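One letter stands for each residue in the lines below.
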Amino acid sequence: MIRFLVHRTTIAVLVALTVSIIGFGLLRLSGDLAAALAGDTAKPEQIAQVAHLYGLDRPLYVQYLDWADRALHGDLGRSLFDNKPVAQLIGERIGVTVQLSLMSLAYALAIAIPLGVLAATRPNSWIDRLSLGLAVFGQAVPNFWFGLILIIVFGVTLRWLPISGSDHFVNFILPTVTLGTSVIPAIMRVTRTGMLDALDSDYIRMARAKGLSAASVLFKHALRNAILPVVSLTAVSLGFLLGGSVIVESVFALNGIGFLAFQSILRTDFPVVQSIVVFVSFAYIVLTLLSDVINAYLDPRIRIG
Amino acid sequence: MTSIERDRLTLPTGPAYELEAPSPRAVMRRRALTHPGFLFGATVMIGTVLVAIFAPLLTSYDPFAQDLAQRLIPPVWSAKGSFAHLLGTDGFGRDYLTRLIYGARISLIVGFGAAGISGIIGTSLGLIGGYFGGRVDSVVMYLVNVKLALPGVLVALSLIAVFGGSVTVVVTVLGLLFWDRFVVVTRSVTQQLRINDYVAAAEAVGASSRRIILGEILPNVLNHIIVIASLEMATAILVEAALSFLGLGIRPPTPSWGLMISEGRNFMFFQPYLVAIPGVAIFLLVIAINMLGDGIRDITAPEGRN
Amino acid sequence: MNRRTAMVTAPPSRQASDRVLEVEQLSVEIDGPAGALRAVTGVDLHVGRGETLCIVGESGCGKTMTSLGIMGLLPRRARLSARRLALEGCDLLALGAGERAALRGNRMAMIFQDPMTSLNPVYTVGNQMEEIFLRHHKGGRNEARERAEYLLQKVGITAARSRLGQYPHQLSGGLRQRVMIAMALMCEPILMIADEPTTALDVTIQAQILHLLADLQKEYRMALMLITHDLGVVARMADRVVVMYAGQVVETGTAEQVFTAPLHPYTRGLLDCIPVPGKTLRGSKLGSIPGMVPSLIGPIAGCQFRNRCAHAFDACTAAPVPLRTLGPDHQSRCLLDEAPAPRLSYPASAEAGR
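Protein chains in written order, with the numbering used here: chain A, 1 to 305; chain B, 1 to 306; chain C, 1 to 354.
None of these hints come from the bench; they were simulated from the model.
Because the structure is a prediction, the values reported are computed rather than measured.
Some hints could be false.
Said to hold, decoys possible - Pair by pair, the computed Cβ-Cβ distance ranges are:
| id | chain 1 | residue 1 | chain 2 | residue 2 | range |
| --- | --- | --- | --- | --- | --- |
| 1 | B | Gln-192 | C | Pro-33 | 26 to 34 Å |
| 2 | B | Gln-70 | A | Lys-84 | 27 to 35 Å |
| 3 | A | Ala-68 | B | Gly-164 | 28 to 36 Å |
| 4 | A | Leu-65 | B | Leu-222 | 39 to 47 Å |
| 5 | B | Gln-192 | A | Ile-21 | 29 to 37 Å |
Said to hold, decoys possible - For the chain A half of the interface with chain C, some residues (derived, Cβ under 7 Å), not all of them:
| id | residue |
| --- | --- |
| 6 | Ser-125 |
| 7 | Asp-202 |
| 8 | Tyr-203 |
| 9 | Arg-208 |
| 10 | Ala-209 |
| 11 | Leu-212 |
| 12 | Arg-224 |
To be verified - Quick look at which bits of chain A chain B covers, simulated, 3 or more residues with Cβ under 8 Å:
| id | segment |
| --- | --- |
| 13 | 2-15 |
| 14 | 70-82 |
| 15 | 272-281 |
Heads up, the beta-carbon is just placed ideally off N, CA and C, and yes, glycines get one too.
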């Protein structure tokens with residue numbers, strides 16, 4: 001197991017490095033940054049001054065190392081829009097995004113896993129068809145549109161729930177349903193397939209041959225095996241939720257880092273965008289590494305080798 | 001002759017019990033014609049393609065022509081609707097049905113284009129990694145991991161903000177976003193095929209790697225690629241709609257369904273049809289593509305799946 | 001501590017019977033797209049205490065389905081019907097699902113062909129053995145563990161205590177099969193069904209496992225039902241033999257009867273396929289049975305073997321053939337009144353030299 005984890009960690013570090021370079025490179029794409037900073041009417045000497053001021057006339061790799069060094073110390077630069085430290089901007093808003101992501105994940109798991117298990121134990125029954133139908137629906141519906149429809153139905157017509165702002169828990173209900181519904185299909189499918197495979201297997205037949213109770217067969221033996229791929233998928237989904245919150249936060253005007261990223265892109269405030277991209281990527285890398293660890297622990301074939 | 005041979009001669013020669021197995025093509029055709037998902041998906045897809053191609057013949061309106069005197073007319077089933085505008089008009093007085101039909105073009109172009117580009121990138125990487133293994137494969141997997149770690153939507157938004165929102169840019173950006181699933185599937189299938197005897201035979205004859213990959217392996221990976229391509233096409237359409245909705249996708253006044261939803265958002269509370277109709281269109285097209293992909297997978301699956 | 005070595009849980013009082021398992025007219029049908037498949041049709045068999053019954057036949061002849069039907073482990077799409085199915089005189093058909101489950105692993109145990117896939121990879125060997133004991137007996141974990149350790153030793157596994165904490169993938173194939181046997185013995189069943197227990201193993205290990213099974217059977221006086229397609233295993237282990245073909249029993253008798261004087265042409269054909277050292281002529285063709293098994297869908301028309309039989313005649317096509325008793329406890333589903341002539345001929349010198 002140790003060898004497996006060392007291997008995975010090495011890859012994770014390499015990927016993280018690459019991602020940071022790409023994120024850094026994003027900023028440079030927009031053309032001459034110094035000219036953009038200096039303004040439209042700036043003369044060449046002024047542009048050169050700005051370039052020198054921001055260290056933009058140094059070789060690229062030096063700029064990267066400088067940026068990386070500062071980033072590791074918590075200094076992510078300053079927003080071009082309001083000159084606030086990027087780290088502070090992110091810090092103020094990360095809570096909303098994390099809350100939204102976790103709630104969406106919990107909602108998705110609470111629906112997808114039981115449905116997947118039920119569907120597998122009663123193939124071709126109405127519940128099987130319902131869950132597959134839900135999966136098809138969840139994958140095909142554009143989530144921003146779904147959010148708008150929810151707003152129309154629940155926020156306006158029925159007036160049950162608020163439709164914007166992020167002050168209270170209640171504000172998060174509609175966004176959670178919107179975002180969570182997009183990950184339900186995948187989790188439900190994987191659970192269902194995993195359970196079907198497990199229930200079809202020889203060791204389940206063996207468990208029945210031992211006279212074990214139905215509950216024991218289902219949960220102790222089948223689910224325990226079927227859950228392995230679901231764990232990996234959950235971690236990946238969480239990473240996806242963090243990145244995909246851009247859309248939902250924009251629809252519901254939630255003040256999270258997704259919405260901040262979107263606004264910053266519109267304002268060409270690239271230091272902020274760059275930092276958020278790198279941040280979200282790192283979160284994803286850490287999550288997948290964590291899921292590898294959990295997987296290795298749960299599966300004795302990897303744990304003991 | 002021995003008694004064995006004598007026995008053999010007297011054995012009854014009854015009706016032949018060899019079953020003639022139908023050809024793979026015949027099996028696939030039979031499956032295709034009885035598979036409800038495939039039929040539904042194929043019908044909708046073909047219908048949409050035809051509608052997109054023959055758009056000018058289907059509607060006399062110009063999708064860009066504004067007529068401010070005719071703004072916000074509801075669809076024909078509503079009280080104030082009329083048959084002149086079957087799906088009503090939008091905030092600029094443009095006929096909604098026409099916008100919807102021309103919007104299908106955008107969705108299809110984006111879908112096929114993005115799936116095509118990411119398919120080429122992903123399949124190539126997958127073939128190379130799966131066939132050569134070792135270091136080459138490690139590099140391929142490393143690239144996939146990097147791609148997976150990046151938040152696709154954010155990167156796409158940034159790129160489009162920088163390079164502009166023409167259809168070409170959008171298709172290219174999306175094409176660069178979705179090749180990872182192609183790689184994973186192609187790579188694993190290639191690895192399995194690689195150990196087959198006919199590959200070893202080709203190598204023994206001295207065929208070059210390129211010939212083997214293109215000639216032996218690629219044809220067998222093809223049906224997997226088609227299935228993935230359909231799924232990625234659906235995803236591309238959804239993401240394009242989201243990007244356009246946010247304002248960082250297709251530029252107005254080009255009729256993209258996502259853009260139409262965004263424009264309709266301002267009037268959402270009193271004229272919900274502006275938001276509902278394009279969304280339903282996206283939903284139906286995506287479902288159809290997904291069912292088509294699932295159907296192709298079921299049809300081309302080897303026997304014994306049941 | 002006597003619990004370890006011999007625990008007999010007395011079944012509710014039933015009439016005593018020296019026949020542990022009685023099966024009359026067992027049939028299994030499987031629903032499929034083309035119609036109902038006759039996996040098993042009208043099988044009669046019985047096994048007594050300390051007796052070994054071997055069920056022989058080629059793949060698909062229904063031997064596994066028969067055993068699954070007896071155990072109550074048929075897949076969802078299969079339907080079982082039988083005139084009588086009794087374990088120690090207790091009518092299994094009258095029991096509910098829960099009561100049936102209470103008997104499985106307890107009074108009747110089954111061993112499957114592939115020990116690797118039959119063991120759950122995420123739990124230790126000890127855990128999987130102990131759970132059987134805990135399910136069927138009121139006792140603690142410690143009792144269960146001691147019994148598991150004892151049984152592992154009994155089946156010839158060294159370092160039994162440490163084996164309990166190991167996972168299936170850490171054991172070799174032969175060891176796993178021994179574990180399976182030990183697991184089957186946890187509650188001292190009266191009936192053990194073994195479905196191809198040695199097929200997945202190396203030849204040298206096969207002999208050991210069969211030897212082990214024979215010893216354990218003698219010690220515990222179990223009724224052993226052994227399913228196999230390997231006539232060598234039958235020759236070695238069987239007291240009585242049931243030959244199955246296309247879902248039906250085509251011959252049953254003692255091992256000696258079936259091997260030395262097979263009545264049914266199919267049995268004769270099976271035996272002819274085996275080369276006999278010293279007797280089979282060098283260069284002569286081994287017997288083979290041409291043709292294929294008939295379709296198992298639709299009603300039975302005449303003898304199912306007739307299209308592959310060298311001795312078929314008109315009556316064989318007319319109506320399904322009943323099982324006919326042609327000797328003491330020796331039955332055959334064939335219209336021939338005496339054993340068909342052997343097809344292999346031996347040189348006169350070999351005959352004389354016998």
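*Among all the numbered hints in the text so far, which are the ones the structure does not match?*
2, 6, 14
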